[in-house]
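There are 2 protein chains.
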Amino acid sequence: MCFIIFAVMSKPVLHTVLSPKLLDIYDCTDTIVVIIDVFRATSTIATALYNGATRIIPVDSVEKCISIGAQTKGITAGERDGKVIPGLQYGNSPAEYPESFIKGKTLVLTTTNGTKLLHMALNAGASDVITGSFPNLSAVCDFLLKENKHVLLGCSGWKDKFNLEDTLFAGAVISRIKEHFSIHCDSSLMAEEMYAQHKDNMLPFIRKLTHWHRLEKFGLEKDLEYCCSVDVANVLPLYKNGALIVG
Amino acid sequence: MCFIIFAVMSKPVLHTVLSPKLLDIYDCTDTIVVIIDVFRATSTIATALYNGATRIIPVDSVEKCISIGAQTKGITAGERDGKVIPGLQYGNSPAEYPESFIKGKTLVLTTTNGTKLLHMALNAGASDVITGSFPNLSAVCDFLLKENKHVLLGCSGWKDKFNLEDTLFAGAVISRIKEHFSIHCDSSLMAEEMYAQHKDNMLPFIRKLTHWHRLEKFGLEKDLEYCCSVDVANVLPLYKNGALIVG
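Heads up: the sequence lines are chains A and B, in that order. So in my numbering, spot 15 of the first sequence is number 133, and the numbers just go up one at a time. So in my numbering, spot 10 of the second sequence is number 128, and the numbers just go up one at a time.
Check before you lean on any hint, since a few could be wrong.
Copies of the same chain look alike in the list, so a pair counts if it works inside one copy or between any two.
Below, computed lysine-lysine pairings styled on BS3-like, alpha-carbon distance capped at 25 Å [what the hints assert, rightly or not]:
id, residue 1, residue 2
1, K191, K317
2, K326, K129
3, K296, K326
4, K221, K191
5, K335, K129
6, K191, K129
7, K267, K296
8, K340, K182
9, K317, K201
10, K129, K267
11, K221, K296
12, K326, K191
13, K191, K277
14, K358, K267
15, K264, K358
Since the hints were made in silico from the structure, they are not lab data. Just so it is clear, the structure is predicted and the values come from calculations on it, not from any experiment.
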């Protein structure tokens, strides 16, 4: 009986954060923050590392991207509002980073939402920062189960607005690991329910989302479908010494 | 054909705001903001007005509640963290305001979440501020259809966190009026889907919510069930000259 009570009480706590603007409501200390930006930063990060990139340096401004790119001889890449930023070499599409191109290289990346949230989580004192999207769903879940720490699932949204693709990924994580965590927040309940409702019809459903409509006009439908494909780039991007590396 | 195009283009825009912290992402000008705080401020407001209160003065601090209560000879009422505030006369339960008590009186009310969001919307320049909850669902929908302006459905949440009961009410409004508005936001899509999924099993579902667990320990289960009852206090609380009156 005592053992059961202890086991229940000792579960780490998991919360889902639906927008970067809500991050400061939560305590990040002693907590793993999972940065989620399904369309497309965290899908691109998983893919580039899976395809052999040495490291990815996430930066929160174009100026830093250019200067750190020069210092590290890295590839500068970034996107604002779904388009490649003038002055940078590449964009934010996972398809731009096949093994034949990215293996052994450093990527310096800035994006509208995901890299911004990552820096917010670091500044808030997160003990570990990792990135997640459907292409590396299993690696994220395995890490969270192994570490057994508190977790914040951080949805990057779009310019601080709620979005559903990040929420669906949070729901996918919750549905896999919930037995091992103490979860009592409506955000997580909603994310899990939305995922349960749409997991078997994900591709038709994502066509209803605002981000799909924003990006499809750039001919990015294939990209977006890839970003919802489970475990196709199943590595764990872990932030360490200023860069995301395979954890 | 021209008429059809014009009719489509001229639809006003509706967004759902999932937390007071997200309000400043949206433009409130020329917009009706619906303040939603199902558990319990906006359920209490509808009920007190339905039962004959002359006006309700929403204030954002206990000090203002006491001083305005003295000036107006009004009843001072308020809640913080689900409990009556020491120094005020009444709490935030709709059951405290039957016709036999409240008719012809002024209520000065301060609450944790709803009255705070109402003042934020006023400060952000909303053209109209109304309050909504399940007890006055039809009155809210009728007003929004009649006015034909842009709409923000503002969920009060709990201390800036997302909550599901306010989201479900937003979904109920959307499901009734969506044909008449241009709606392209993931928050609204999610709210509508969550409502569709739970509208026929609302009372069992609300027992899963964090706010239920927070308030049930004060013996408020009946209150919470009442707050989810459709059209039992079907008036429109409209903010005018510093007070909510029947619109």
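So, going through the hints one by one against the coordinates:
1. In this assembly of identical chains, the alpha carbons of K191 and K317 never lie at most 25 Å apart, being 41 Å within a copy and 57 Å across copies at closest.
2. Taking identical chains as interchangeable, the C-alpha atoms of K326 and K129 lie at most 25 Å apart only when they sit on different chains, with a minimum of 19 Å there against 36 Å within one chain.
3. Within a single copy, K296 and K326 get their C-alpha atoms only as close as 28 Å, which misses the 25 Å cut-off; across copies the closest is 15 Å, which meets it.
4. Proximity of K221 to K191 under the C-alpha cut-off of 25 Å is restricted to the intra-copy arrangement: shortest distance 14 Å within a copy versus 75 Å between copies.
5. Taking CA atoms no more than 25 Å apart as the test, K335 paired with K129 passes between copies only; the shortest distance there is 23 Å, against 45 Å inside one copy.
6. For the identical chains of this complex, K191 and K129 are neighbours neither inside a copy (44 Å) nor across copies (52 Å), given an alpha-carbon limit of 25 Å.
7. Taking identical chains as interchangeable, the C-alpha atoms of K267 and K296 lie at most 25 Å apart only when both belong to the same chain, with a minimum of 13 Å there against 43 Å between chains.
8. In this assembly of identical chains, the alpha carbons of K340 and K182 never lie at most 25 Å apart, being 30 Å within a copy and 57 Å across copies at closest.
9. Neither within a single protomer nor between protomers do K317 and K201 lie at most 25 Å apart by alpha-carbon distance, with minima of 29 Å and 41 Å respectively.
10. In the homo-oligomer, the alpha carbons of K129 and K267 lie at most 25 Å apart inside one protomer (8 Å), although the nearest pairing across protomers, at 48 Å, exceeds that limit.
11. For a Cα distance limit of 25 Å, the shortest separation of K221 from K296 qualifies neither inside one copy, at 35 Å, nor across copies, at 49 Å.
12. Taking the shortest alpha-carbon separations for K326 and K191, neither the intra-copy value of 40 Å nor the inter-copy value of 53 Å comes in at or below 25 Å.
13. For the homomeric pair K191 and K277, neither the shortest alpha-carbon distance inside one copy (30 Å) nor that between copies (46 Å) is at most 25 Å.
14. In the homo-oligomer, the alpha carbons of K358 and K267 lie at most 25 Å apart inside one protomer (17 Å), although the nearest pairing across protomers, at 50 Å, exceeds that limit.
15. Proximity of K264 to K358 under the C-alpha cut-off of 25 Å is restricted to the intra-copy arrangement: shortest distance 18 Å within a copy versus 56 Å between copies.
Violated hints for the displayed structure, listed by number in ascending order: 1, 6, 8, 9, 11, 12 and 13.
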